[in-house]
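Engineer: Spelled out from the first residue to the last, the chains are:
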Amino acid sequence: MLNELLFRFAQWLDTHQWSTGLHESYYMYGWVESTHVLTLMLFLGMLVVIDLRMLGVAFKDTPVSTIADRLDKPMMIGFTVMVVTGFVLFYAIPVRTTTSIWFRIKVVLIIAAAINVFLLRRVIKKSGHTWDNDPVPPKRIRIAAGLSIAFWTGVIMTGRMIAYDWWDCHKEMPYFMYWAAGCVNELAAYE
Amino acid sequence: MDLLFFFEWLDTSALADISKAYGGVFAVVETFHTSAMVLLGGMILTGDLRLMNVLMRDIPSEVVIRNTEKWFGFALVVMILSGIFMMSAVAMKLYYNVFFFSKMVGLATGVFFFYVIRKPLLNQEHALINPWTLKLIGGTSILIWLSVAASGRWIGFS
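Those protein sequences? They're chains A and B, same order as listed. In terms of the working numbering, the first sequence opens at residue 2 and continues consecutively. In terms of the working numbering, the second sequence opens at residue 37 and continues consecutively.
It is worth saying that the hints were derived from the structure and are not from the lab. Backbone N, C-alpha and C fix where the C-beta goes; we use that ideal spot for every residue, glycine too.
Here are some chain B residues pointing at chain A (derived, C-beta under 8 Å): (1) G77; (2) G78; (3) R189.
Bound-form chain B, shown alone (with noise of 0.2 Å):
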């Protein structure tokens, strides 16, 4: 499916005229994007690597997954926000951008993981859970997350 006609349409729209003609308004909406990246991934290294058993091994990971989910949707919320507005201001330029799709790739990916797959299982008792699952699910939330943030981070070099 050919996604130009969203890309085309965004470009004009009326918050691209904002993102555009406001260079400051764009580098703060940035700003929050980079903070809310900080929460994001504060969030997931804490209860993914809990659950690898890296880290706080002597609190149980069930409080430290509850505790760092909802940060981590508040983050999302103000990432999709804050990114919808900077796209705006150079849709047409994102849309030949190989590390921009892989990102939005990685960005899809890492929600589904997260709401789909990560989220029910760990609403269950972990100590029913086999620790190698715990661990693998740990180890492929950080990798797809560092992918989403690495691959943000190079479409500005691209």
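If we strip away everything but chain A, and leave its shape as in the complex, we get (with noise of 0.2 Å):
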């Protein structure tokens, strides 16, 4: 059912012209994707340094809330280039996107490191700072972080895989890596 109705708004985003256009420029889809690319440096640059530091392991005299509340703004910049640049990129592809297991997976890792940073800030707001200026802060930070790295790598990973075509829908997959890229035709054509 989800696959069907995400695979019909892929099919109706196709249809722009804008979409066909964007696809076949040549220079505008490179500069989109250079920056969305070239961005990472920016979001997840800033990202990795705070994370290293709730990690223990660079800035150790600096307190952890001064590292991030000065890294936010950049960070944040950083982050919605991120996400209009993955939109418009999307945009571009839609079909082939909606239907890229990678593409699939990246999204889950995304939300994934979305609860991991809500619950982080949850963690932090009830401790009241207390660790702040501590060299190494305690353990469940430390994983948080750590979890934030894998997951962000885990976004890099996938998002570069997309450009490959291993298990695009037109090769031969197993009926669960059909439904797991949501191949809406092939599932049909098994049934």
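Since each chain comes alone in its own frame, lean on the hints to assemble the complex.
Structural biologist: Here you go:
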């Protein structure tokens, strides 16, 4: 049901002239994709600095809250640019992206990273910053920081893998893979 | 100096046998390359924007530089090692690619700038250095590494 809905939505986007134009534009698509990739350095680069501090392996003499606060703004600027360019890239190739298993894993990882940040903020608020100056923060903070790095590394990896067609719908795959990738037409052919 | 012999050697090396035969291994190494780029870019931006007095103004720039340099070095090693592996898969194609050579020139300039100019200069107390010199160092460094990343990305489109 959800697969069907997403597929129809992607097909509808694909009928837009702008979508085709963007996909077929040599320079514009390249510029948008390059901006998306290069902004990784701003968003995730800053996030890594914060996570490394929370892991207790960098900036040990600086309070965690100071590092997080000072890097928050550039990080959010990077995040905004990444989200906007990400949507534009999706808009340019909606059907293939929607039915990409890598894209789907990427979205799940982004959601997992967001939940991790939400829980981490709650833990930080509850603890009242008692460990703010500790060179090595408590274990649960370090675990959350480690998870953050792991999730975002996964996002980078799966994002890069979208370019490969190993498990695209036109390939022969087991039923589960067609389902997981949302290959609606191939699933219908199975039934 | 013509580097064709090096590219021909790399193209027929054992490394190329692996990178060409196993697409999955190539893709995984490529993601390590991108992850290292994120780490390197983050450290460069944090350090250089501090030198330019844009970020973390209340944290001494010596502290920021000291903490970012170590991770920069680690990321650079991962990037170079993974880069050589990736290069072996398409060595002959890269020999004729202008963006690849522009990336290599940028990389060599960046490494030279970092270890021969930036690092020795910033090893002294920053209060003794003209603030405009610090800003110039930071701006130049960002521009060099941005050109490396941008030309690297453009290799894929050419």
